[in-house]
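Undergrad: All chains should be built: construct the whole structure from the sequences, respecting the hints.
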Amino acid sequence: MSLAELDTTSAAPATEGPVLEMDGIDKEFVLGGAFLNQTFLKALSGVSLQLTRGKALALVGESGSGKSTCARMLAGAYEPSAGSIRYRGEDIARFDGKRMQIYRAQVQMVFQDPFGSLNPTQSIGYHLERPIRLHRPDLKGKAIEAEMLDLLERVGLRPAADYLKRRPHELSGGQRQRVAIARALSVQPEVLLADEPTSMLDVSVRLGILNLLEDLKRDRQLAALYITHDIATARYFAEETAVMYAGHLVEQGPSQQITDNPRHPYTQLLIESVPNPNRKIETGRARRAVDIPLWTRDSRGCPFVSRCPRVSAICKETMPGLTVLGEGHMVRCHNL
Amino acid sequence: MSSDRALIEVRNLTVDYVGDHSVARAVNGIDFDIREGEAFGLAGESGCGKSTVAFALARLTRLPGLVSGGQVRLNGDDVLKFDKARLKVYRWNEVSFVFQSAMNALNPVIPVSEQIMDVIETHEPALGKDGARKRAVDLFELVGIPPSRLDDFPHQFSGGMRQRICIAIALALQPKLIIMDEPTTALDVVVQRDIIEQIVDLKNRLGFSVLFITHDLGLMIEFCDRIGVMYSGELVEVAPAESILTTPQHPYTRALGNSFPPLTGPRQRLEGIAGTPPDLRDLPAGCRFAPRCPHAMEKCRIDAPQLRFYPEHMSQAACHLLN
Amino acid sequence: MTEITQTSAYSLTDRLDAAAIASAAPSQAQLMKELRVKARPGWVSRLPSGLGAFVTNPKGMTGVIILLALILFSIFGPMLSDYNPNRRAGGPHVMPSQEHVLGTTRMGKDVFTQLAYGGRVSLSVGFGAGLSAALIGLAIGISAGYFGGRVDEILTFFVNVVLVLPGLPLIIVIATMVETASPWVIGVVLAATGWGWSARTIRTQTLSLRTREFVLSAELMGEKKWRIILVEIFPNMLSFFMSGLVLGTIAAILAEAALEFIGLGDPNAITWGTMLFWAQNNLALQSNAWWEIWPPCIAIMLTGAALVMVNFSVDEITNPQLRASRKIGLIRKFLSSRGRSADVF
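Residue numbers (the numbering used here), protein chains in the order written: chain A, 1 to 336; chain B, 1001 to 1323; chain C, 2001 to 2345.
Note that these hints are calculated values from the structure, not bench results. Some hints here could point you the wrong way.
[What the hints assert, rightly or not] Taking lysine to any residue pairs in the SDA-like style, the calculated list, with each CA pair at most 20 Å apart, reads:
1) B:Lys1084 with C:Pro2026
2) A:Lys280 with B:Thr1247
3) A:Lys280 with B:Asp1201
4) C:Lys2224 with A:Met100
5) C:Lys2059 with C:Leu2220
6) A:Lys98 with C:Ile2331
7) A:Lys280 with B:Gly1257
8) C:Lys2333 with B:Arg1059
TA: Written as structure tokens, this is what we have:
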């Protein structure tokens, strides 16, 4: 049994509604400048998303879009500058130390770099044992080892006993990522935040990891947040996709809808740019890549104006509101 | 777009990594040609040896790497036998290199203009400072960066622009072949497309060949004329780009092609390739892919298949299943 | 260049001409033989990997053996000698003989006995000061790097002060203020002033390790800070710590000997440095009594050289390129026998 189930003070049941959500989140970082004259980078502006158990949401964007900041915020590494994060309906800003400890166990993160997310000087067994000792005090002695072996088997590392004593450098990238997933699972979380879990892996290994995450999501009814820059794998793994640009959520909806019928000009640009073996390279086109703007506290309007083919006067003044297109498909654009 | 004349002929190339207690054979006697004006892609995953091949061709192999055998022929002359003087002509005049990370390839404390001019003045001192500067301006215009920014420092440019600068430097002496090792891997997808389109445009205009190395098979098929697929130090298939996806001859090529989730069609489960590539210090007898191959036969574990040419498919593949 | 015109499948190796076949590489086994790459001895693989790498490193093992020899000499040497290092044992400036293996000093004291007793002090003060400085540097460097903010600012200030203070002159000043600057006092002062560089490098390493994802993962998992520092961060900078320790020890040994040599130590103490001081005073070289000055000299040199070799081996273990460059000579031979030269000059 997980701590969450033992904890009788938890309010809403986990079966209905989102288990974890971000509501109108802003996140600012200080960029520099002297006192009273500092510039604030707005890494996230008004981001709202919901994670439901048994379902995966993909967060797609390029570097600087704010997608990693979302994940780290949900993991508890940062505090929001505005808005709230709610776990089972309760604002986590009001959690005391003990409840925060439970929260940390319930929301686990898998990182991008399989080489960096494991301590090179410690064994695989160490990486699995620590979380169990910290968050599952009910397990002792032999039961801990049995649990570790079970986890390794579950993520496809067999024979499990062989792996316990090995060091990370003896494993391949894909195997290391499986260990990272096993570590995340060891505390029996409800939510899995995967920050580009396959970007640094070989192509042939990626599907194995994504399929593993799919199986785990189904078997343990995990809520998954899948962060990626590759909209094709987002479509493969997640039922729902949200597209981010310069800290704003610009389009969201069922993955197949988003890729078949993208409505936001940025989404359309992304899909056009993805390598497509069924066509040959065109030349002579105007360059579409432009530096993603540095969004600050004082920035106004839609962040995409500098490169939008449909830009009009209103776009420079006000951020577009949410237009609901039906079937959960939503866009932020003045000129659809 | 490309002619049939071979610019570079790689024959029996072998590269080893000398360790403390073992020698790992990273590239095992591979043969391929790069034709004039052709974009030849070398595809494969980490540890397959494609970057090692690139560095060997450019004579940039560093310890513990060692080119232990084979030939790289440029118009009949073996590049591997070039002495220091001949190498100076070879490097950058005939073959130039674009590295993976422009951040690492450009000196952060020297203005870009000096870095480009340095290359030009070293190889064509007759041009003098003015001539070199003029050439630098031309190169910037060629890759689409305003020449007014010529004296800026690398950190003042975005990642995509820095990579463009590296391409400009690679073109500085009008080489016949540019080797590009994962030139766009560190860049976002929109920037990547711009850069690739630019490279294709330049190639068509100036007529140089490109050896393009990446793990992104989809991008490679869009961009390259022919593709060589490497696995564990060997070439398993060489074919025109279109055939690689439509009619792959080797099981690894087929499995690799199936590893890319599509953007269209129904959402369905795909399988990657189970297992991991073999340890290069301790290779199995027979075909190196056999342990992971769904169609492996007895013969495959004993006898290593040779790369054979199949004119019906205009492609070369090394697999017992085809015989 | 043959065009592809044949209509049936053929092997590419058929297209290899004589030159290509002749240039073929030797097999891996043959290459190992030619480059004298030997397989790892079996017993090594049972050691933990770091230790295993060290034990097979010739420089490191040479250094360790020399150090062990010197240490054993200092421990057991005095028992082999009947003489008292402080008392007259024979005539002045007696040449090395059966009675006095390394001869006597101007005062008639036995050099071998002095060297052995002196070694005890010199080595223990040197290693002690080196270790203390390294530990202080480690504690301060890691704290500054990990906690950041105010703690970092305050600690870095102290580090900078210590770095800016001129070491030797400061020690000289302190030595003149204290009544008797015994070797132990010198050791303490060296430790107190020598931790600066170590602290700085360790701080930088900590800053870089702190952003690694496995540290973030441990923090998110709820590990206590002291555990993260000791178990996650410190083991990953072991080679830096070892380097700092070794270099600090060399500096301490040399500094101690130097101070005593110029007369600022306690002339009545027996250390390698004071032996040099007396040898200088007694004009040993000018009197051709080389045995009074060379033994302590060589002892100090050997200690320093051995420590440097250990440091080099730590570098080699962490950098595979350095290890491979041991084979440069054989590789050049391999290439030139085939009419080729190295790629990168």
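Undergrad: Against this structure, judge whether each hint is valid.
TA: We went through each hint and held it up to the structure:
no.: 1; hint: B:Lys1084 with C:Pro2026; result: 25 Å, violated
no.: 2; hint: A:Lys280 with B:Thr1247; result: 17 Å, holds
no.: 3; hint: A:Lys280 with B:Asp1201; result: 13 Å, holds
no.: 4; hint: C:Lys2224 with A:Met100; result: 14 Å, holds
no.: 5; hint: C:Lys2059 with C:Leu2220; result: 42 Å, violated
no.: 6; hint: A:Lys98 with C:Ile2331; result: 62 Å, violated
no.: 7; hint: A:Lys280 with B:Gly1257; result: 17 Å, holds
no.: 8; hint: C:Lys2333 with B:Arg1059; result: 18 Å, holds
Going down the numbered hints, you'll see the structure goes against 1, 5 and 6, while the others check out.
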